[in-house]
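Protein chains: 4
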Amino acid sequence: MSSSLEENPDALILSDDPFHPANLIPELCRSFYHLGWVTGTGGGVSIRINDKAYIAPSGVQKERIIPTDIFVLPYPLVEPPSPHTDRVFLRRPQKNLKESACTPLFWNAFDLRDAGSCVHTHSQNAVMATLLWPGEVFEISHQEMIKGVRTGGMGKALSYLDKLTVPIIDNTPFEEDLKDSMAAAMKKYPEAAGVLVRRHGVYVWGADWEKAKTQTECLDYLFEISVKMKLAGLPTLLTEQ
Amino acid sequence: MSSSLEENPDALILSDDPFHPANLIPELCRSFYHLGWVTGTGGGVSIRINDKAYIAPSGVQKERIIPTDIFVLPYPLVEPPSPHTDRVFLRRPQKNLKESACTPLFWNAFDLRDAGSCVHTHSQNAVMATLLWPGEVFEISHQEMIKGVRTGGMGKALSYLDKLTVPIIDNTPFEEDLKDSMAAAMKKYPEAAGVLVRRHGVYVWGADWEKAKTQTECLDYLFEISVKMKLAGLPTLLTEQ
Amino acid sequence: MSSSLEENPDALILSDDPFHPANLIPELCRSFYHLGWVTGTGGGVSIRINDKAYIAPSGVQKERIIPTDIFVLPYPLVEPPSPHTDRVFLRRPQKNLKESACTPLFWNAFDLRDAGSCVHTHSQNAVMATLLWPGEVFEISHQEMIKGVRTGGMGKALSYLDKLTVPIIDNTPFEEDLKDSMAAAMKKYPEAAGVLVRRHGVYVWGADWEKAKTQTECLDYLFEISVKMKLAGLPTLLTEQ
Amino acid sequence: MSSSLEENPDALILSDDPFHPANLIPELCRSFYHLGWVTGTGGGVSIRINDKAYIAPSGVQKERIIPTDIFVLPYPLVEPPSPHTDRVFLRRPQKNLKESACTPLFWNAFDLRDAGSCVHTHSQNAVMATLLWPGEVFEISHQEMIKGVRTGGMGKALSYLDKLTVPIIDNTPFEEDLKDSMAAAMKKYPEAAGVLVRRHGVYVWGADWEKAKTQTECLDYLFEISVKMKLAGLPTLLTEQ
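Chains as they are written, first to last, in our numbering: chain A, 1 to 241; chain B, 1001 to 1241; chain C, 2001 to 2241; chain D, 3001 to 3241.
Chain A on its own, in the form it takes in the complex (with noise of 0.2 Å):
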């Protein structure tokens, strides 16, 4: 960290490039939230760029986020990543705010993954995906959009013959203590592009910004297609077409 950022943290989020995260966090939020991913304050988006990552604030409008209200993390940390320990901010907004409590996930996402960015959403697609799919994993096969969902979220891109396994885990009542039963599926399922979290949302992750809302938008169109065909009495999955 220069000097003048010690004396100027806020130049971390100052940038008239609309593609600094501290600009894309609040217009892709803004955009979320017409998708339905974000309303009542919940779901959200950080961008890691190197030894950077940039979080938006908890329970705040997430339409209405300005890029003053961006907090700012070095990556990697000395510390365990949880918003109840205290540990040092490259920057800190100056009204009084939160930081995300999806900051442990985001962090699983950038430690096992190397992901540039995770996206975190309440897509009643995803929900109702969880409760359809009781089991450990949701699973579909041949549809055209599972090309574009990447292996491990990070890797080739899958093709239209392989079927999209999404693991699934329970929710829990601090968002925070999902850290550990997140990180045990992505090791088990190191294929997969994202986790659901049972009667809450899904993370998703991608080498950037871009592939990571874009997988979520493949992710959230594959449930919200498997959801009906479901409930129209359609198979999911297919042995062979």
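Treat the hints as calculated values from the structure; they're not laboratory data. Given the structure is predicted, the values throughout are model-derived calculations rather than measurements. Don't take each hint at face value.
[As the list claims (entries may be wrong)] Listed next, with one range per pair, are the computed distances between beta-carbon atoms:
| id | chain 1 | residue 1 | chain 2 | residue 2 | range |
| --- | --- | --- | --- | --- | --- |
| 1 | A | P76 | C | E2063 | 45 to 53 Å |
| 2 | D | L3238 | B | G1155 | 54 to 62 Å |
| 3 | A | P18 | C | D2180 | 54 to 62 Å |
| 4 | A | A157 | C | L2014 | 51 to 59 Å |
| 5 | A | P9 | D | L3231 | 53 to 61 Å |
| 6 | C | F2174 | D | V3137 | 23 to 31 Å |
| 7 | D | L3234 | B | G1155 | 42 to 50 Å |
| 8 | B | P1018 | C | N2008 | 40 to 48 Å |
| 9 | D | P3076 | A | D162 | 29 to 37 Å |
| 10 | C | E2007 | D | P3076 | 47 to 55 Å |
| 11 | D | P3235 | C | F2089 | 39 to 47 Å |
| 12 | D | L3238 | B | D1208 | 54 to 62 Å |
| 13 | D | D3010 | C | N2008 | 38 to 46 Å |
[To be verified] To list a few chain A residues with every Cβ distance to chain D over 10 Å, as calculated:
| id | residue |
| --- | --- |
| 14 | P9 |
| 15 | A11 |
| 16 | H20 |
| 17 | V60 |
| 18 | P76 |
| 19 | L90 |
| 20 | Q94 |
| 21 | T172 |
| 22 | A184 |
| 23 | P190 |
[Stated by the list, open to error] No farther apart than 20 Å at their CA atoms in a straight line, the calculated lysine to aspartate or glutamate pairs in the DMTMM-like style are these:
| id | chain 1 | residue 1 | chain 2 | residue 2 |
| --- | --- | --- | --- | --- |
| 24 | C | K2095 | D | D3208 |
| 25 | A | K188 | A | D177 |
| 26 | A | K156 | D | E3099 |
| 27 | A | K52 | A | E7 |
Glycine included, each C-beta is placed from N, C-alpha and C at the ideal position.
Once you have looked at the hints, place chains B, C and D on chain A.
Same frame as chain A, now just chains B, C and D:
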């Protein structure tokens, strides 16, 4: 009220501040219109700041309200807050407008909960919930979105392990006649963050407009997913998980 | 028609006033497009002010109409108002456009109800209602939104205790051929605020564009919730409550 | 191609005219994104004007395309139009972009129908229609919206009394491999205005971008209402009415 306001009550609603109630109410109504909450002139939102309550007009297109359409009432009132009562306004629009018929219901939230804002929607999710839950209450458990709701609408946030209960009152031909049954439900269910009106919609309040809005979003999300779950044959209450 | 209008009929549609019919019709059509009411060039809206009727063109993208696309017809007409009849316009667009095929249907609302505006949508809520109510009428009772509808489309607002009845006529290959059956339905059901066309959509009118629009919103809401209720096995008519 | 274009191929996509293909394609893609037709980088639109075809890039966020992302190809091509073939472009974006994998499919519409534009969506309405109509064709009759569709996508408008038939082909792992089966379906069903791809989406074309877009809207509307009707147990084909 200062003498300048007596001379120019429009000063109560003229402000460059986008967060002034007279600017916020039109903006929120536009946003609620696009969510399908206030179409056909129905529904609305009121904001109270200390001794002044800002109220939208009745029977107009909610997505086209402008600041000069806003009524301002003193709080508390000496007279009972029925729109059929001839009483003192701090400001009336110069256009021939009636104040919202929801005024007495908004007053319940101000009087019984000390709320700073109250939202009323005709959301079909709320109406369908009142039809699929034919008893005195709507209930759901084990949904992450429950954490966005506050005890009594004003207290601490609910836990994921708390059951959400929203009382349902029967509709009446005149909206103001809901006042007593809504008040009775608020007293019988002091932890409820809103009141559903069967075949009509919902009233939700909060400490300020942000909290009233985000709690309305959480409740609406919960009504929506509950209806989907009920129609899919999924249980909406778990005794334990 | 003044001599300046004879010289320059475009003066009929050029105005800085956003509430001028030639400005409102494009704006309303854009808004209706985003509600799914007028996609695929279908549907539309007309506005009549005293002796002039403003009509959108036929077969064009309704969300991209501009004021210079608007037809102006004299009201009343000496000739029967069929688009296949060669008759006098106060103004025709200079582009090669046909006036809306709905013109004779809009005229029903003007002639039989003295309406100032008429909306025609292809809303899927309306079409589904005509399929799930196979008889001569759509009916629903005990919904708050009924209070937004006026007797005959023009009279006093209905009460919550009134049953809403909307006649349904059969579709015809040519839209203008609906004229007689629509007129017959309007005469047989003088209290109806609109006419449904089976497998097609709905016509709704009002004293002015605001009332025509808000009543269309109320009816569409009622079609939508009625279809949901019917599919959920819920009764849509209560004998008493 | 003039010598100035050889020197500056960007002149092919730089225009102040909002109706220039390089300006229209980004605008249409943004609009289709909000309809849910091209999320997750899927789908797209191409426009051909005489001897030039304008094509969107592959694998990018369709709602964020800008004019300088557009590929321009000569029409007709000497080489078969596979994106895997190394061939001549009139213009390639300077960014590292691939042309749309749909190119050979768009070419079917240009070659076999002389279309001026072709739209490809991943609309869930289209995909659900291919699942609920398991045979070789999707069919529906007696819907007003059928009148918005043209014979073969290019001829005269269908009548309300015409049955709409859209062939359904099976999906393939590589999009370009759909070329032959799509062409075969277009030849077998010369009156069809589009081709559905099972578990994938739909291709629709028209004489120009306006007609391709409005016919896509009509077909999508018909897929949507047909799915609703089928799930409600309503017949989608009437022998007579």
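Against the structure, the hints:
With their beta carbons about 50 Å apart, A:P76 and C:E2063 fall inside the hinted range of 45 to 53 Å. For D:L3238 and B:G1155, the Cβ-Cβ distance of about 58 Å falls inside the hinted range of 54 to 62 Å, so the restraint holds. Evaluation of the 54 to 62 Å hint for A:P18 and C:D2180 yields a pass: the beta carbon distance comes to about 58 Å. Checked against the hint of 51 to 59 Å, the pair A:A157 and C:L2014 passes, with Cβ atoms roughly 53 Å apart.
Evaluation of the 53 to 61 Å hint for A:P9 and D:L3231 yields a pass: the beta carbon distance comes to about 55 Å. Taken as a hint, the range 23 to 31 Å holds for the pair C:F2174 and D:V3137, whose Cβ atoms sit roughly 27 Å apart. Between D:L3234 and B:G1155 the beta carbons are some 49 Å apart, a value that agrees with the proposed interval 42 to 50 Å. Restraint check, B:P1018 to C:N2008: a C-beta distance of roughly 42 Å satisfies the suggested window 40 to 48 Å.
Look at D:P3076 against A:D162: about 36 Å separates their beta carbons, and that is inside 29 to 37 Å. Restraint check, C:E2007 to D:P3076: a C-beta distance of roughly 50 Å satisfies the suggested window 47 to 55 Å. Distance hint check: the CB atoms of D:P3235 and C:F2089 are about 43 Å apart, consistent with the given range 39 to 47 Å. For D:L3238 and B:D1208, the hinted distance range of 54 to 62 Å is satisfied, since their beta carbons lie about 56 Å from each other.
Between D:D3010 and C:N2008 the Cβ separation comes to about 42 Å, which falls inside the hinted range of 38 to 46 Å. With a least beta-carbon separation of about 30 Å from chain D, A:P9 lies farther than 10 Å from that chain, consistent with its non-interface assignment. Remark: the non-interface label on A:A11 is consistent with the geometry, its nearest Cβ contact in chain D lying 27 Å away (cut-off 10 Å). For A:H20, the requirement that its beta carbon stay farther than 10 Å from each beta carbon of chain D is met, with the minimum near 16 Å.
Distance check for A:V60 against chain D: the nearest CB is about 25 Å away, which clears 10 Å, and the non-interface claim stands. Annotated as non-interface, A:P76 keeps its C-beta farther than 10 Å from every C-beta of chain D; the closest such distance is 29 Å. At roughly 28 Å, the least C-beta separation between A:L90 and chain D is larger than 10 Å, which holds for a residue marked as non-interface. With 10 Å as the threshold on Cβ separation, the claim that A:Q94 sits away from chain D holds: the shortest Cβ distance comes to roughly 32 Å.
Its beta-carbon lying about 29 Å from the closest one in chain D, A:T172 satisfies the requirement of being farther than 10 Å from that chain. Listed as a non-interface residue, A:A184 keeps its Cβ farther than 10 Å from every Cβ of chain D; the least gap is roughly 28 Å. Distance check for A:P190 against chain D: the nearest CB is about 22 Å away, which clears 10 Å, and the non-interface claim stands. Simply put, C:K2095 and D:D3208 have alpha-carbon atoms about 17 Å apart, close enough for the 20 Å limit, and the pair holds.
A hinted pair counts as satisfied when its Cα atoms are at most 20 Å apart, and A:K188 with A:D177 qualifies at roughly 18 Å. Of the supplied pair hints, the one linking A:K156 and D:E3099 holds, its CA atoms being roughly 19 Å apart against a limit of 20 Å. The straight-line distance between the Cα atoms of A:K52 and A:E7 is roughly 17 Å, inside the 20 Å bound, and the hint therefore holds.
Of the numbered hints listed earlier, not one is contradicted by the structure.
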